[in-house]
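Enquirer: Sequence:
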Amino acid sequence: MKITKKILILLLIVFVIAQFFGPEKNQGDLASIDAFMAETNPPEDVAIILKDACIDCHSNVTKYPWYNNITPVNYWLNHHVEDGKKHFNMSNWEGNSIKRKDHKFEELIEMVEEGEMPLNSYTWTHSEAKLSEAQIKSVIDWAKLVRVKYGLAPKPE
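Under UniProt numbering, the first residue of the sequence shown is numbered 1, with each subsequent residue one higher.
Source of the hints: derived by calculation from the structure; they are not laboratory data. Heads up, some of the hints might be wrong.
Unchecked claim - Just the calculated beta-carbon pair ranges, DEER-fashion:
1) 141 x 34: 17 to 27 angstroms
2) 16 x 141: 42 to 52 angstroms
3) 37 x 8: 45 to 55 angstroms
4) 8 x 48: 45 to 55 angstroms
5) 137 x 12: 43 to 53 angstroms
6) 43 x 12: 45 to 55 angstroms
Keep in mind that this is a model prediction, so the values were computed, not measured. No residue lacks a Cβ here, since even glycine has one placed at the ideal position from N, Cα and C.
Let the sequences and hints guide you as you build the complete structure.
Expert: Right, dumping it as structure tokens:
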């Protein structure tokens with residue numbers, strides 16, 4: 001019993017010390033998505049969906065919840081944001097070729113259609129990010145039109 005108590009105290013001390021450390025936050029300027037929004041021209045309903053369900057993990061601007069101040073949760077959230085930006089980042093849109101942009105929209109369509117985006121772990125705490133069937137259709141229709149604009153995809157049916 002003494003060893004268990006010592007281990008618990010040691011773990012508590014490590015947990016407390018860990019609270020003083022954390023990953024760098026993803027807190028860029030919201031203006032970083034202006035080029036993406038201007039180029040892709042989402043209708044108002046889709047722009048709201050992007051704001052509510054996508055920007056936190058797919059741009060250089062993240063609004064962090066209170067629990068991001070708890071280590072190791074902040075590392076877990078940081079991993080999600082970094083992974084999301086790796087796959088689709090609205091903040092660095094201008095630096096991509098048309099072919100890459102088209103491919104990113106192709107992936108966006110696939111992920112939203114299959115219900116893989118937004119992540120369930122995100123929608124658990126961000127109910128506004130849960131997409132209805134109508135919202136899914138709006139996002140997909142817009143994304144298909146953007147692909148047609150890039151000239152590398154067939155016109156939607």
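Enquirer: All the hints need checking, so say for each whether the structure fits it.
Expert: Status of the hints after comparison with the structure:
| no. | hint | verdict |
| --- | --- | --- |
| 1 | 141 x 34: 17 to 27 angstroms | holds, 23 angstroms |
| 2 | 16 x 141: 42 to 52 angstroms | holds, 50 angstroms |
| 3 | 37 x 8: 45 to 55 angstroms | holds, 51 angstroms |
| 4 | 8 x 48: 45 to 55 angstroms | holds, 47 angstroms |
| 5 | 137 x 12: 43 to 53 angstroms | holds, 50 angstroms |
| 6 | 43 x 12: 45 to 55 angstroms | holds, 52 angstroms |
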